[in-house]
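Input sequences plus hints: build the corresponding full structure.
Number of protein chains: 2
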Amino acid sequence: MSPKITTELLKQLRQVMKNPRYVQEPVQAYIVPSGDAHQSEYIAPCDCRRAFISGFDGSAGTAIVTEQHAAMWTDGRYFLQAAHQMDSNWTLMKMGLKDTPTQEDWLVSVLPEGSKVGVDPFIIPADQWKRMSKALRSAGHDLVPVKENLINTIWTDCPQRPCKPLITLDLSYTGVSWRDKIVALRSKMAERKVMWFVVTALDEVAWLFNLRGSDVEYNPVFFAYAVIGMNTIRLFIDGDRMMDPAVREHLQLDSTLEPEFKIQVMPYGSILSELQAVGAGLSPREKVWLSDKASYALTEAIPKAYRYLTPYTPICIAKAVKNAAETEGMRRAHIKDAVALCELFNWLEKEVPKGTVTEIVAADKAEEFRSQQKDFVELSFATISSTGPNGAIIHYKPVPVTNRTLSVNEIYLLDSGAQYKDGTTDVTRTMHFGTPSAYEKECFTYVLKGHIAVSAAIFPNGTKGHLLDSFARSALWDCGLDYLHGTGHGVGSFLNVHEGPCGISYKTFADEPLEAGMIVSDEPGYYEDGSFGIRIENVVLVIPAETKYNFKNRGSLTFEPLTLVPIQTKMIDINLLTEKECNWVNQYHQKCREVVGAELERQGRHGALQWLLRETEPLARVQ
Amino acid sequence: MSPKITTELLKQLRQVMKNPRYVQEPVQAYIVPSGDAHQSEYIAPCDCRRAFISGFDGSAGTAIVTEQHAAMWTDGRYFLQAAHQMDSNWTLMKMGLKDTPTQEDWLVSVLPEGSKVGVDPFIIPADQWKRMSKALRSAGHDLVPVKENLINTIWTDCPQRPCKPLITLDLSYTGVSWRDKIVALRSKMAERKVMWFVVTALDEVAWLFNLRGSDVEYNPVFFAYAVIGMNTIRLFIDGDRMMDPAVREHLQLDSTLEPEFKIQVMPYGSILSELQAVGAGLSPREKVWLSDKASYALTEAIPKAYRYLTPYTPICIAKAVKNAAETEGMRRAHIKDAVALCELFNWLEKEVPKGTVTEIVAADKAEEFRSQQKDFVELSFATISSTGPNGAIIHYKPVPVTNRTLSVNEIYLLDSGAQYKDGTTDVTRTMHFGTPSAYEKECFTYVLKGHIAVSAAIFPNGTKGHLLDSFARSALWDCGLDYLHGTGHGVGSFLNVHEGPCGISYKTFADEPLEAGMIVSDEPGYYEDGSFGIRIENVVLVIPAETKYNFKNRGSLTFEPLTLVPIQTKMIDINLLTEKECNWVNQYHQKCREVVGAELERQGRHGALQWLLRETEPLARVQ
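Quick mapping for you: the protein sequence lines, in order, are chains A and B.
No gaps in the numbering here: position 516 of the first sequence is 576 in my numbering, and each next residue is one more.
No gaps in the numbering here: position 38 of the second sequence is 98 in my numbering, and each next residue is one more.
A portion of the hints provided could be inaccurate.
As the list claims (entries may be wrong) - Computed list of lysine to any residue pairs in SDA-like fashion (alpha-carbon distance at most 20 Å, straight line):
no., chain 1, residue 1, chain 2, residue 2
1, A, Lys-567, A, Ile-454
2, B, Lys-190, A, Tyr-368
3, A, Lys-612, B, Val-421
4, A, Lys-248, A, Asp-352
5, B, Lys-253, A, Pro-161
No wet-lab data here; the hints were simulated from the structure.
So, in C-alpha cells, the structure goes:
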C-alpha cells in the first residue's frame, strides 16, 4: 500500500483558498470533514472528499489544510491505515492520545492572528459549527462558511452524485402508509407548536415515504430532503427516478388528492433557497423543527428565534418502534439469514480443514448463500471475516494484503448482515473448526454469559439502554477482562443497520428509553491483541415481560432474539454457566431447530439441516 | 400545622420591587431560590429566605413573586408539606407533573411585555442564570441582578449570619498539610494554564485549609471564600474566629513564611470587589478557574474571555480521593458508629415490645449513643427514623404530628449518621422486632441482593459509578420491583455527607470515574406506599481488586464496606440467596463480630456485645 502523493493537490487547494472566485476573503485554513450533507454514516464516492485530498479512506477522519500545514485527525482504529495511506505532507493527529491537540487548539497554535477558517456549511453539522466557531472566536479567528466546496473545485474527475432507481414498499412491508406517517408527524408538530419540519437524514426521508434506494452502499437510501408543513409536503430529489410509474403511483403524484397530501417534487439542490423562503415568511411564534445535527447551512436558513432543534427528530423516534408488519418482516429476514449461515458454517466445517478457505473466500461465500434468499438486496455492511489475530481488530475488513487462511487451529469470527426487502440483519458468530484451548473457551463463555445477561434482562418500562450495558460486562469484569466497544445499537427495518435513538452502551446517555417494538443488537466481545477475537451478536426485539409484581403497573420489558443461528457449544465451558444460563442456551437452540430447521427443510437444504441439528444438541451439565 | 400568613409580607416585597432605593428600575417579578451564596445543600437560618417569604421550609423549592401572583415550585417529596405551610396567596407548582409549567414558561405567560425579572446574583448559580436569562430574553423580558437581596430588606428579624469558632485539624486527621494542598492545587492550575482559582463551595474551603466549623447544621463548614493565585492566598472570612491562637498557629498567620504561602485574611463581604480587581488586572491569556455552579455575581466579576469554568473543581476531585490518614479516620469513625448502633438496636429490641418507643424517641436515643463516642461532633443529617407506612416516605423526618410508635408488627427503618472528628458516617438498617411476613422478607432479600451486587462488584479502573447502578436493581427488576432514587453518593471525611464528584445513580452521567480511595454509599431500597420501606445502606471504600487477568494491567477496583453494623438475618429469605451471596453475608458478619466486637468489649458494653454475637450468627443454607 503506497501513500497517495498529494503535493500538487495541496498546492491547488491552497490556491483556491485565496481565489476570490470561491472565497470572499482568503481563508488561512480549510476544514475537510468526512461526512456528507446528511451526516450519513456511509457516504457515496462523490462525497469522499477527505479521502481524495489526503489518500486516507478510513470511515472517520477530519483533514485541515492551512497555508503551511496539512493535518489529519482520526481515532485508534485507523492510526496504522492513515499512516500508510498519507504522504509526508500530512501530519497524523492521533485522537484519544493525551498529547494530541484538538482541531481548535491546533488551529489556534498555527494560525496567524485574525485568520479565517473555511468549511463547507453543508457538510458541517450545526452543533459542531457552534463549538468550533466559539473556540476560534475566543482566540481572535473566524470560522466562515465557504459556499462552493473547495475540494470539488480541484477534483476534476469527481464521480457523479448517484441517482439510482427507487424501490417502493407497500403496506405488507411497512405496516403504515406514507400518508398516515405524515398525519402522525403533523400531530407531533402540533404538540410542539411547530409549523414546519425539515427532514435531513437520508434514512428518515426513506422511512417517511416508504421508499428505498441504492445511492449509498449498504444503506438502502437515496439523496433527498423533505420539508413538511402543516398543509404542504415538499420532496427535494433529482433525476428521472420520479418518472418511474411505480414511484408516481406510490406517491400518488398524478392523483387528485387533498392539497395537504399533494407532494411537490423539487430539485435536490433547491433545498437551501426553498428553506430560506420558508424562513423569511414566518410569522412570530411559528417555529421550524430541525435535528441539531442538520447541516449549518440548512440550520442558518431559519432565523435563530424560529428554530426548534432536538437531538432526535419525531421521525427518528417513530422509526425506531417497529410495527407488526415490520416486526414480522424482520423475523422472516432473520430466518432466511439463518438459513444462509447454516449453509455457510456447514460448508466451512468441511472446507476449512483443506486449507483453501481465506477470510475473503468465506465472506464471499456468506454473501453467495445470502443472495440465494428471497428478497435479498445487498449486504448491510462490509463483512468482518477474520481469523486468529485479525479477529482482535474490532473493525477488521479482509483485504488481499491481510487476508488469512482459516484453519483448524484458530478462532474464526464472522460479523455480517444483509438487507432483505423485509428486513435488515446483523449477526456475529465465533467458531472454532478444530479444538479450542481452555483459555479460549473460558473467554468465550464469559462473553456468552454477558450476552445472555442482556438478552434475558428484565427491566421497567422507561429504562434507557445504557443502563443495561454493565450486565454484558459483569462476568468478564469478575475475571479482569473487558471489551472497548458498546454492547448494542439500534437496527433499521430494511434501513440503516446502525440507527438511533436507542442503543446499549456505556458511552451514551442521551439515548431514548427502550420501548416494546424497538430492535437493537446484543454483542459483547473479548479481544486478545495478536491472538484472537470473540464476539456473540444477536439482533433482539424489545418485548413486554411478565413479572411477579409488574412494577406497580408501570410494566416491564425484556428481549426476544430475532437472530436464530446456533452458538457453537464446542466453545462453551459448561462448568462456568449457571443452570439458568444453561437453560437459556438450550431453549435458544431449541427455537433455532424448530424455526430455522423447518425453513431448511422447506428449502430442501438437507446438509445444512443436519449441521443445525448437530449444533443444537442440548448442553448437559455435569451435576 | 397552620399556614404562614404572608399577605403583609408580599405587599412589602412588591413595594421594594419598585423602590428605587433597591432597584434601578422596577422589577415585575422577583425570584427567591432556596440556596445560599455557596450553593450549599444545607443552609443557615439567615439564608432561609424562601421559607421566610412563603412559610414553606422544605429543602427544595423556588418562589417567584410578581405584582399579581406568588408561586412556589417544589418536587414530589414536598407537595403535601408545601400545601400545608403556604396560605392562599401562593400557587403550588408541582414539579415533575406533566402540566406544570417551568418557571420560565410561567413567567412568560403572566408578565406584561418587556418585563424585568429580578434575582439576587449571589444566590443564583451562573449556569442557572444563563438558562433562565436566555429563555426570558427570547420572550422579550430581561433577567436583572438586584444587588441588595429584597427579602433581607423586609426581613426585620433576620438572624445574624453564624460565625462560630473553627476547629483545626492536624496531620493525623488530614494526612496532608494545607500548604501541600495549595502546592498540589497550583500544579493543577499550571497544567490548565490558569493563574487564579476561586474557591466558592464551603466544604472546599474547609478541606483546603484543614479547618472545620459549625456555621451550618450537619455540615461542619464555615462561611468563607478563598482566592488562590500562583503566588498569593486570600481567605475571605469574618469574625473574631481568626483571633483564636490555635487557628493563627494552624494557618501560620504570625510566622515568617515564603510570600506564596502567606495567607491574607480579608472580610467575607469583600470577595466581590477583590475578585473584580483581579478580573480588571488580568493580562491576555491569564485565566481564572471557577466552578460552573459558582454564583452569577462572582462569575460575572471575571470578564468572559478570562473565565475557565468546569463542573468539578480540582479541589472537589482531590477531596474525593481519601488518603491513608483520612481512610483510617473513616474506619475508626465507622467502628464507633457501629458501637452506638449495636447499643441502640439492643435497647430497641427490649423496649419496642413495651410500646413506649416512638420514632422521635428512637432517633434521640441513637444520637445519645453516638454522642458517647470519642470525637463525636454532631449528626451528619437529620435522622430518618420511620416505622410502617412512614418508612415508604423516602425523605421522612419524624415530627410530632407524624410520630409513630414502633411495634412488633411493623418494619422499622433507621437512616442516620454522625460527624466525628475523624470521619463522617451514614448507615441505614431495616429491622423487624416481631415476625416479618414472607412478602416483607422477599422484598428485603431482593434489596440485599442488590446491595451485595454493588458491594462485591469488580470493575476496571476508570469505570464511572453510574455504570454500577443497575447491578443494585437487577434482582428487584426480575420480580417487577424498583426504587425511585439513586444507589449511592460520595461521602466526605468529617465533611459533607453528600459530596461529588462520584456517585452511583442512573440519573447522573457527568460523574467522575471511581478511583481507589473514594468513598461512596451503597443504598438500594424498596418502598411499598402506605405499608413499609426497606433500605440497606453501607458506606464503602473503593479499593484495588485482585482478578485473574487484571484488565491487561489497567487494574481493577471493588468496594470494602466501612460500615460494620449487622444486617438483620431474620429479614432474609435464605432460599433466594445464591451461595456466593450467602458467603458474602457471613463474611461481612464475621468482620462485624471481630472488629466491632473487640471495640464493644474494650468499651465494656456487654449487653450490646451479646446482641452483636447473636445477630451475626452465620446463615445456614438448606442444601
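For each hint, the structure was consulted:
At roughly 17 Å between alpha-carbon atoms, Lys-567 (chain A) and Ile-454 (chain A) fall within 20 Å of each other, so this suggested pair holds. Taken as a hint, the Lys-190 (chain B) and Tyr-368 (chain A) pair is honoured in the structure, with Cα atoms around 19 Å apart against an allowance of 20 Å. Our distance criterion of 20 Å between C-alpha atoms is broken by Lys-612 (chain A) and Val-421 (chain B), whose separation comes to about 34 Å. At roughly 17 Å between alpha-carbon atoms, Lys-248 (chain A) and Asp-352 (chain A) fall within 20 Å of each other, so this suggested pair holds.
Restraint check for Lys-253 (chain B) and Pro-161 (chain A): satisfied, since their Cα atoms lie roughly 15 Å apart, inside the 20 Å limit.
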